[in-house]
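K.L.:
Protein chains in written order, with our numbering: chain A, 1 to 324; chain B, 325 to 747.
Please note that a few of the clues may not be correct.
Unchecked claim - With beta-carbon atoms standing in for the labels, derived distance ranges:
1. B/R473 / A/K108: 49 to 55 Å
2. B/R473 / A/V197: 35 to 41 Å
3. B/D675 / A/S202: 53 to 59 Å
To be verified - Among the chain B residues that face chain A by a calculated CB cut under 10 Å, a handful are:
4. E492
5. R493
6. P595
7. L620
These are computed hints drawn from the structure, not numbers from a lab.
The C-beta atom is built at its ideal place from N, Cα and C for all residues, glycine as well.
Residue-level listing of the chains:
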Amino acid sequence: MREVRYWQALNEALREELDRDPDVFVMGEDVGIYGGAYGVTKGLYEDYGEERIRDTAISEQVIVGAAVGAAMTGMRPVAEIMYVDFLGVAMDQIFNQAAKIRYMFGGKAKVPMTLRTQGGTGRGLAAQHSQSLESWFLHVPGLKVVMPSTPYDAKGLLKAAIRDDNPVLFIEHKMLYGTKGMIPDGEYIVPLGLADVKRPGSDVTVVAHSRMLLYALEAAETLEKEGISVEVIDPRTLAPLDMDTIMTSVKKTGRVVLVEEGCKTGGVGGEIATRIMEEGFYYLDAPIIRVAAKDVPIPMSPALEPLAVPSVQEIIDAVKKLYV
Amino acid sequence: MIKELKLPKMSDTMDTGQITKWLVKEGDFIKKGDPIFEMQTDKVNLEVEALEEGVLLKIVGKEGEDIPVGQVIAYLGDEGDKVSDIPAQPQEGQEKKQETEAKTEDVQMPKPSSAPDIQPEPTPDIPSMEKPKGDRIFISPRARALAQREKVDYSAIKGTGPMGEIIERDIKEYLAKSALQQPAPSKEQAVPSTAAQGQRIEMTGMRKVIAERMLASVAAAPHIYLTADIDMTQCRDMRTKINDSLADKGIKISYNDIIIKACALALKEYPYINSTLKDGAIILQDRINIGVAVSLADGLIVPVVRDTDKKTIVEISKEIKELAGKAREGKLMPDEFSGGTFTVSNLGMFDITQFTAIINQPESAILAVGAIKDTFVPVDGRPVVKPMMKVTLSCDHRVIDGAVGAQFLKFVKSMLENPLLML
């Protein structure tokens, strides 16, 4: 085992897959000579050359469209969109092309592409560079949505995403790139569709993904001192969603808090809450609480930005509201 | 004068009964001897007759519910009595303790969960133990599911949830408290929504009794099993002769009738096999009453041939036919299936070669009889085909040692191999 940062874990995953499979290539804005806006592709251009590490024009439509085309011909592109906020520009390529082609061609064509991007708040980048838009894509059958919260998961999930024969939207978090974590020395894969119990507990279940997972763990730590045992679950993959792991926990605790950095209305939490109710209403001992971003554009002001999204304290308050 | 009509006890093993159908209505005048309701007990369906006459004022024992023996099921009165004359009192349960508890602890306390819900619908005429409900009760789905599973009436439980609602913790505390006050509550399965679905068949009446008694027998009695091969050549010849000569009278005896007769004679020789263990003593029964297991569509019952040793094979045969017929129609009377001292169970007609039976407590042994099969047997070193039958005796080893059981079996075998000895 050794300690790496989140960006390094991603960088390792890319290198291992580039080495393993000659069909894998990387493309996106500034992924080549510059090494990626957040450093994920650092050194790849030097080691793998411009043929496999390709800088593109500033055109999201072209990046996604070219990746879909390349994937259909048998390549395994790993395309990067610098901010999740920019996916709107390439929306038709994503939900009408990438997600639908396998179905429309009756399985004769497939789209084994990975679309890396990052989202979230924390750097004062204002309303157009700070969103958490994952819930949009849950509504599109044919897309997988992956959101790692730790270096270990980031590496294992990215390798699984690249090897998957379907389009995978891989959303990183701008505040996680510098975080550290342990990973094994050898190769490993984290399969898509498998949640992880990041902290076992017995009183309340907290489900959180991406950076909110770290907040949830911090809240659980504080609550433990007050005698409340919180089980923290990271779905890791939002589509497909591992309801088994979540329901096992709900059956144990009967109380659920769902945390996300995206807006509450139409968010991920609404979907998970409904599924918990459908599958296990009679296991619930209290209403489900969602802790999510306010339904406002993310402010640029460093004083206001953290108020728009959940804080550790808000998670603590929610748990206490359920468990007195 | 108002009289209480209570659920009668129809057999030794009966703890509860189900009224399957009331044959009279409220307001009817009932004469002594009138059939008033049909009841399913642990063993049979019966019509219950009135022991007293009067006007049926009020029915409180509902059809289809398990009702403890001794529970009030209706009120009888004289002409002119009104429903409102029925004295107000809490429902009388089987256990006095339960009743006094309820009285002293304030009638709002919900009933202990072990008793099936036997309260009538609250009516102005008969005050119930339930407190009147005003606003709805707030209870979490999880707590409600638990309450249903454990049959807890939660209307009087005080909630400790964040908004004062009843949560799982409150039901658990209630259960823990009532477990201290009384034997463990019965755990009948409720319906957790995500559990596997399947057809649900209530364990009632006969099924419940079979389950309880078989489990009790296996738990209490260490069984030993002894198997013997019996040559049925002579029995076969004798049976053919008897049946041929009595054919014009419509009499046809079975092998089982002969086996029962042989057992009766053997029991006389070996009284320990015909015994029962009671209060730390072995009671050697002074009568030989052999039960015959009869399978029914929904269970089995063991009608008893009394004083089997004193009856001829033909008498035994007639009696068993009659009892089995009644059993299949559900018309056996309690004294026709109680008081057995030994049981014979025969699965030969299903071509079962050999099996082991569970002792029908409080008896101490049971004989499991298999099919008669043509089998090669060595006779003077040469194979000869003979009709052979395997029987297995299950003995309660607390009472019967292997050697005693073996001697009994040897005796049965010698009787069946030389049936003339039975005459």
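K.L.:
With reference to the structure, classify each hint as holding or not holding.
P.N.:
Results for each hint:
no. : hint                        : result
1   : B/R473 / A/K108: 49 to 55 Å : holds (52 Å)
2   : B/R473 / A/V197: 35 to 41 Å : violated (27 Å)
3   : B/D675 / A/S202: 53 to 59 Å : holds (56 Å)
4   : E492                        : holds (5 Å)
5   : R493                        : holds (8 Å)
6   : P595                        : violated (58 Å)
7   : L620                        : violated (37 Å)
Figure legend: structure checked against the earlier numbered hints; hints not met, in rising order: 2, 6 and 7.
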